Amino acid sequence: SAEYKSALPDTYTKYLARELMKQLRDNWRAGDINMQVAKSTIRVPLLKLVDFTKSDSAEEARKMKEKAAAKKSEDVDDTEDVEKEEEGVVYSSVSSIHRRMEV
-16 SAEYKSALPD TYTKYLAREL MKQLRDNWRA GDINMQVAKS TIRVPLLKLV
34 DFTKSDSAEE ARKMKEKAAA KKSEDVDDTE DVEKEEEGVV YSSVSSIHRR
84 MEV
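The sequence shown lines up with residues -16 to 86 when you count with our numbering.
Keep in mind that the hints were calculated from the coordinates and are not lab data. You may find that some hints are simply not true.
To be verified - With a Cα cut of at most 27 angstroms, we get these calculated DSS-like pairs of lysine-lysine: (1) Lys48 with Lys(-3); (2) Lys5 with Lys31; (3) Lys(-3) with Lys50; (4) Lys55 with Lys5; (5) Lys46 with Lys31; (6) Lys22 with Lys(-3); (7) Lys31 with Lys50; (8) Lys31 with Lys(-3); (9) Lys37 with Lys48; (10) Lys37 with Lys(-3); (11) Lys37 with Lys50; (12) Lys31 with Lys55; (13) Lys37 with Lys22; (14) Lys22 with Lys46; (15) Lys5 with Lys46.
Predicted model only: the values in this text are computed from it and were never measured.
Based on the provided sequences and hints, a complete structural model is requested.
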């Protein structure tokens, strides 16, 4: 499902976060913003995005994604079983009608 896929930042998201951190660093070196405030507020979530694959949250999100995929495959298997049962019912109905027609 989409919610599990969007929980993992892709490489482009990480690239953008790194680029934003570079701009942030350039701005505090130029004196446009306060370095301590930037490091304690803006930079923290950007670092979390970049380092996401190293964290426990990444592992948990990956497990949730695998569970969702397994559940989806189980649903597909159940659907296939139902379709086979329906085919069997149709075949037996047709077979019994055919026998009645022969008699």
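Run the structure past the numbered hints and jot down the numbers of the failing ones, going up.
Hints 4, 12, 14, 15 contradicted; others consistent.
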